[in-house]
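**Q** Taken in order, these protein sequences are the chains called A and B.
Here UniProt numbering is used: position 175 in the first sequence is 175, and no number is missing along the way.
Here UniProt numbering is used: position 19 in the second sequence is 19, and no number is missing along the way.
No wet-lab data here; the hints were simulated from the structure.
Remember, it's a predicted structure, so these values are computed and weren't measured experimentally.
Glycine included, every Cβ here is placed at the ideal spot set by N, Cα and C.
Chain A regions said to be covered by chain B (calculated; three or more residues, Cβ under 8 angstroms):
#: 1; stretch: 106-113
#: 2; stretch: 119-132
#: 3; stretch: 168-182
#: 4; stretch: 186-197
Residues from chain A that keep clear of chain B, each with C-beta distances beyond 10 angstroms, as calculated:
#: 5; residue: 76
#: 6; residue: 140
#: 7; residue: 150
Protein chains: 2
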Amino acid sequence: MSTEKHGRQVGRGAKVRTAVLAATLAELADHGYAALTIDNIARRAGVHKTTIYRRWKDRESLVVDVLGEQIAVDIPMPDTGSVDTDLRDIARAFVAWVTSPAGQTIFAAIFSDAARIPGIVDARRQLFEEGPRRASSAISRAVQRGELPPDTDAEELIKTLIAPLYFRLAITTEPLDQAAADHAARVALAAARAGALSSTNTNPQ
Amino acid sequence: MSTEKHGRQVGRGAKVRTAVLAATLAELADHGYAALTIDNIARRAGVHKTTIYRRWKDRESLVVDVLGEQIAVDIPMPDTGSVDTDLRDIARAFVAWVTSPAGQTIFAAIFSDAARIPGIVDARRQLFEEGPRRASSAISRAVQRGELPPDTDAEELIKTLIAPLYFRLAITTEPLDQAAADHAARVALAAARAGALSSTNTNPQ
DNA sequence: ACCGTATGCAACTCTGAGTTGCGATAGCGT
DNA sequence: ACGCTATCGCAACTCAGAGTTGCATACGGT
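Work out the full structure: start from the sequences and follow the hints.
**A** Written out as C-alpha cells, the structure is:
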C-alpha cells in the first residue's frame, strides 16, 4: 500500500509514515482541526515539514489518511441468549470505545471542521451505519425467541439504543458510563417491547 | 445594550454591527468556522477590516457575539391536554427549528471547531438543557392526569425524545421531517409508559 | 453649520500553508 | 562490506490571512 512503486526502500518510509500519522492524531486531539499546523506535526513526529508534503498532498489528505486508519470500530456483537443482556453489552461496548482515548480523539476530529472534508462525512456515516447493520442478527434472534414483536426494526432499535448515549457525548456534560449504557438499553428495550420500533411505522397509534 | 457609553452616534454603529453579524453568520454557514476570514466578512458586510477589529477583539469574540444573539431557541411549550400530542408537538417544533436555515447555520457553527471557544460550549449545553427544563411542567401535568408513571423523570423523557432526532441530524443522512418527529414521540412515550424513564433508575428491571 | 466620533484606507508585522533546489544519508541489493 | 538511489533535512522562497497603527474623511446628532 505504501510504496507501491518498486517495493524498495520500505523501512524508512514506513517509520516516517507511522510517526507522522501518530503525531497528527495527537495534535488533532490536543488542538483540533482548525489549529492543526504542519509545522507542529513535523516537530512532534521528529520529521521535517517538506517530508510531510512529499508524502501527502496537503493537510486534508493527511487528515483523511489518519482518520481512515483509525476509524475501525470493532465492537464485538454479543450472543448471550437474551436481548436484555445483548443490548446491554452492545451499549456498554459503545460507551467503552467512545470514552477510550482513541475513541475520544476520533470523535473530536469527526465533529470538528474536518467534517467539511468530503471523505470524512462518508466515513462518519459509514461508522454509524455499520453498527446497526451488524447488530441486526442479534435482534432477529430475539424476535425468533419471542422476546420482541415480530415486526421489530433491528436498525431502528440499535439507533434508539445509541442515540441517547451519543447525545450525552455530544451535548450534555452528564457522565457517559456503564450506568448510562444500562439505562439506554432498558429504554430501548421498553420501546421495542411496546411495539414502537416496528418496521411498519407508517400507521401511528 | 449596544453603545452604552454615551448613547451618542448610535445610528451608524448599529447598522455596522448588524451588517457584520449577519455577514459573519452567512460566512459561517457557507464555509464553516475554520475557513472564516475577517476579510471575507468585511467584504460581505460592505465594511472595512479595521472597522471589525475596532468593534471586536478578535475572530473568537465576533463568533461568540454572533452565536450569542442567535442561540435563542424559542420552542413554544404546548398544553394540549394529552401527553401524546404534547410530546409530538415538542418534537415537531424541534425538527422545524433545526431544519430552518437559521437553525441549520447555528447547528453547523456549534459543532464546528468554534466549539473550542469556551463560551460556545456553555451556550450549547445551555441550549439543550433549557428545553428539557421548560418541558417538565407538561410532563408533571401528564403524571397528574395518570398518563405516565408517577416517578417519571421529565428531563430524561425529553432527552429521550430529542436524542434520536439529534442523532439523525448529526449522523445519519435520513430525512429529518415530521414523520421522524412523530416516530420519536411514540418511542419516548412507549419507554415512559413502561416505566423505563423513572427518576429512581438505580434499580433496573 | 459644526463638532466629535466612527469609518475608510494604506502600510505594516507575523504566522502558517505550500513549493523548490540542493546537499546529506540511510537502506537496499550485491 | 560497498555502492546506488530513493528519501530526508535544510534553507529560502511565495502567498494568504490575522491583527495593528496612523492619518484622512464622512457621517450623525445638536
